[in-house]
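The listed protein sequences derive, respectively, from chains D and C.
Count along the first sequence starting at 1, add 8, and that's the number in my numbering.
Count along the second sequence starting at 1, add 8, and that's the number in my numbering.
These aren't lab readings, by the way, just hints derived from the structure by calculation.
Possibly wrong hints are sitting among the right ones.
Identical copies carry no separate label here, and so any pair may be met within one copy or between two of them.
Below, simulated SDA-like cross-link-like pairs (lysine to any residue); rule was C-alpha separation at most 25 Å, straight line [said to hold, decoys possible]:
(1) K351 with S44
(2) K312 with R334
(3) K333 with R211
(4) K224 with A111
Since this is a predicted model, take the numbers as computed values, not measurements.
2 protein chains.
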Amino acid sequence: MYEELARRCLDGEVRAVARFISLLEDGDRQAYNAMSAFASTIGHAQIVGITGPPGSGKSTLTDKLIGYFRSKEKKVAVIAVDPSSPFSGGAILGDRLRMQGHAVDPGVYIRSLASRGQLGGLSKATAFALRVLEAAGYEIVIIETVGVGQSEIDIVKVADTVVLVSVPGLGDDIQVIKAGIMEIGDVFVVNKADRDGADRVVREIRAMLETQAALKRGRSPSAGPDTLASRSIELLHHGQTGTQAAAPVEQTGLEDLPPVMKTVAETGDGVQELGACIVSQFEKARQNGALQERRLRSIKAQLKDIAAWQLMDRFADSGGEGRLKRLSEAVYLRKKDIYGAAKELTAALVKGEST
Amino acid sequence: MYEELARRCLDGEVRAVARFISLLEDGDRQAYNAMSAFASTIGHAQIVGITGPPGSGKSTLTDKLIGYFRSKEKKVAVIAVDPSSPFSGGAILGDRLRMQGHAVDPGVYIRSLASRGQLGGLSKATAFALRVLEAAGYEIVIIETVGVGQSEIDIVKVADTVVLVSVPGLGDDIQVIKAGIMEIGDVFVVNKADRDGADRVVREIRAMLETQAALKRGRSPSAGPDTLASRSIELLHHGQTGTQAAAPVEQTGLEDLPPVMKTVAETGDGVQELGACIVSQFEKARQNGALQERRLRSIKAQLKDIAAWQLMDRFADSGGEGRLKRLSEAVYLRKKDIYGAAKELTAALVKGEST
Numbered sequence: 009m010y011e012e013l014a015r016r017c018l019d020g021e022v023r024a025v026a027r028f029i030s031l032l033e034d035g036d037r038q039a040y041n042a043m044s045a046f047a048s049t050i051g052h053a054q055i056v057g058i059t060g061p062p063g064s065g066k067s068t069l070t071d072k073l074i075g076y077f078r079s080k081e082k083k084v085a086v087i088a089v090d091p092s093s094p095f096s097g098g099a100i101l102g103d104r105l106r107m108q109g110h111a112v113d114p115g116v117y118i119r120s121l122a123s124r125g126q127l128g129g130l131s132k133a134t135a136f137a138l139r140v141l142e143a144a145g146y147e148i149v150i151i152e153t154v155g156v157g158q159s160e161i162d163i164v165k166v167a168d169t170v171v172l173v174s175v176p177g178l179g180d181d182i183q184v185i186k187a188g189i190m191e192i193g194d195v196f197v198v199n200k201a202d203r204d205g206a207d208r209v210v211r212e213i214r215a216m217l218e219t220q221a222a223l224k225r226g227r228s229p230s231a232g233p234d235t236l237a238s239r240s241i242e243l244l245h246h247g248q249t250g251t252q253a254a255a256p257v258e259q260t261g262l263e264d265l266p267p268v269m270k271t272v273a274e275t276g277d278g279v280q281e282l283g284a285c286i287v288s289q290f291e292k293a294r295q296n297g298a299l300q301e302r303r304l305r306s307i308k309a310q311l312k313d314i315a316a317w318q319l320m321d322r323f324a325d326s327g328g329e330g331r332l333k334r335l336s337e338a339v340y341l342r343k344k345d346i347y348g349a350a351k352e353l354t355a356a357l358v359k360g361e362s363t
Numbered sequence: 009m010y011e012e013l014a015r016r017c018l019d020g021e022v023r024a025v026a027r028f029i030s031l032l033e034d035g036d037r038q039a040y041n042a043m044s045a046f047a048s049t050i051g052h053a054q055i056v057g058i059t060g061p062p063g064s065g066k067s068t069l070t071d072k073l074i075g076y077f078r079s080k081e082k083k084v085a086v087i088a089v090d091p092s093s094p095f096s097g098g099a100i101l102g103d104r105l106r107m108q109g110h111a112v113d114p115g116v117y118i119r120s121l122a123s124r125g126q127l128g129g130l131s132k133a134t135a136f137a138l139r140v141l142e143a144a145g146y147e148i149v150i151i152e153t154v155g156v157g158q159s160e161i162d163i164v165k166v167a168d169t170v171v172l173v174s175v176p177g178l179g180d181d182i183q184v185i186k187a188g189i190m191e192i193g194d195v196f197v198v199n200k201a202d203r204d205g206a207d208r209v210v211r212e213i214r215a216m217l218e219t220q221a222a223l224k225r226g227r228s229p230s231a232g233p234d235t236l237a238s239r240s241i242e243l244l245h246h247g248q249t250g251t252q253a254a255a256p257v258e259q260t261g262l263e264d265l266p267p268v269m270k271t272v273a274e275t276g277d278g279v280q281e282l283g284a285c286i287v288s289q290f291e292k293a294r295q296n297g298a299l300q301e302r303r304l305r306s307i308k309a310q311l312k313d314i315a316a317w318q319l320m321d322r323f324a325d326s327g328g329e330g331r332l333k334r335l336s337e338a339v340y341l342r343k344k345d346i347y348g349a350a351k352e353l354t355a356a357l358v359k360g361e362s363t
C-alpha cells in the first residue's frame, strides 16, 4: 500500500499526495520508510519561505504570488504552517488561501499544517511534506508561517529563498525582533506600502542590512554579535543611515545586499516585481554555488533531526516510558539529581535495555 | 573548581551564580555534572512565567512585580529570555529591567538569556539557570519571554504559574494566535487597561476560557480540538458571550476558570492584585495536587531533553560529524534517500561507531 501510494505521488496524483502527507503528519513510520522512493526527486522544486509578523499580510501576498507563478505556468504548492495554533489544525491560513479561488486550479495545491503538540513535530512535518510535493512535480513550493519566533525560523530555514515581510506601523518591539532574524532573509518586502511610513521601514531595513554586511566584512575579535545588535538598534533610534554607521569599517557594495521591495498585496502592486525578484535571487544563488551549499546544510540538519526522532522511537519501543517515570519521581523527591538521572536514561537507551 | 562553584551558589553568592549560569549557557559539561549538588534544592522556588505578544508591556509589568515580591520580602530572580535575538545576547530585556533601579537591590538578580543558535539551546539554558537560582535561595523566579511562538511556550512551560499578558488594540491575528496558547495560562492579564477596548479584551478572553472549559467537560468524540477553535473564533467574530456558546453543553462553574486581571503597569494599577493572585493560584495548585503533577511532568520533559542532548554530545564525541557530512552529500546527490541515511546514522550512534 505504501509503495503504491508513493508511486501515485510520483505520478502527481493529488489525493495520494494529501493522503501521504497526512500519514507523515501522524508519524506513520511505514510512510517514512516509503519515502525512499523519492530519493531521485530531491531538489526538484524551488522552495520559497514567507515569514513575518502577524498582520503583515503574508496570506494575501502568498495568494498573489501563486497567481504570479501560475502566469509563468509553474505548478505551485503552498504549505501553510501555524505553529502556535494546536487547536485549529492550521486551517486558518490554508482556508484564507483556498478562499481566493485557487482551489479549483489543478495546478495549485494548498496544504495546512499545525502543531500537534510534539516537540519539533512541525518542522519535521513541513520538511517531509516538502519532499512529497517535490516528488509530485510541484515546481514552486511556498512555505508560509505565522509569526517570527524561533520555531518559524527553524521551519523556514529549509527554503531556498526566504522572503521576510514587514509592514509600516508596527511597534519598536517588532523591529527589535526583526533584528534577530535579518540574517535569514534573502528578499525583504515592505507590504501595505501605500501606508504612511513605508519608506521609513524600507530605509530602516536597508540600514540594518548595510550595518550587518559592513560588520561582517570588518569584523574584528572585539566586534562580536553584541556590537552588531547594539549598533542596529542605535541606528533605529537615531534614524541614521547605514552608511554613516558603517563609516568606521570598509563600505559594502550595495549589490551584495538582499533586495528590499515594496508591495501592496491587496491591489497586487509590486507583486510582479517581487515574483521576478524571488526567481532571480534563486538563479543567482544557483550560479554562485550558494544554493548548493544551503541545500546541503539543510539536508544535514534534517538528517540530524530524523536520526534524533528515530532514537526517540527506539526509546518508546524499548519501554523507556516506565524508566523515565521512575527517574522523574526520584528527581522530584530529591533522591537523584536531574543530570545523573538523564545519564541513566541515555545509557539505557544506547544499550537498548527495556526496563 | 566546579564543586567549589556549586557550593558558593548554594551559599547564595551572586558572582558564583552568574558564573555558573554562563558555564551552563556555554554547554560546559563539567558544570552540568556539578549540578548534582543541587538535587536537594529542586522545587524550592515559585517559578512564574510571563509571556505575551511584543508591545504588551511585559517588561514594565515584570518590573512592578519584582517590586511587589520585594515588598513581601521575597528574594526575586528574573530570567529574561529572548529567543529570536541571537545577536543581542538577550541584553535588551534584561537591560530594561536593570534600568529600573533593581540593580542595586541585593535581593534581586536579573539575568538575560538569548539563543546562541543551538537547537533547543534556550529552553535548556533556561531550565538549568532556574535550578541554579533555586539553589541560590531565590524564592521567586520570574521567566519573561518575548513573543508567543512555540519556543516561548516551550520555555514558559517549566513555570509553576504562567501569566499570559494581553493588551487592547492588537489585530485579529494576535487573537487567533492567542487561541492556540490559552491552555498554558494560569492567570490572564489585560495590561494597558486604561486604553479603549480593555473590557472587550477581558470579555473575549473570558468567553474563550468558558468555551474551552465547557467543551472540555462536555467533549464528545465529535467535539475535538477543531470544533473548539472554530467556536472560539466564531465567538470573537460575533461578540457572543461564552455562556451562550456553551449552552449546548453543561455550564462550567466560573470558579474553575483562570482569573482575568486588568493592570496598567506604567502606573502600577492592579499590580498588587496581580501579585496576590499569582501567589494564591500557586497555593491553590499546591493544595489540590496540580502543582506536584505539573512539576513531575516538567521534570519528565527536562529529563528527556537532557538525555537527548547527552546523545548529541555522544554523537559529536564519536566523530559523527564526518559520517553526517558523507551521508548528507549522498542524499544531495540523490544516491541515498534521507530516511535510509538517517537510519545509518542512528545505527552508528547506538553502536558508538566512530566513522
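Verification of the supplied hints:
no.	hint	in the structure
1	K351 with S44	between (34 Å within a copy, 12 Å between copies)
2	K312 with R334	between (29 Å within a copy, 13 Å between copies)
3	K333 with R211	neither (54 Å within a copy, 40 Å between copies)
4	K224 with A111	neither (45 Å within a copy, 33 Å between copies)
Figure legend: structure checked against the earlier numbered hints; hints not met, in rising order: 3, 4.
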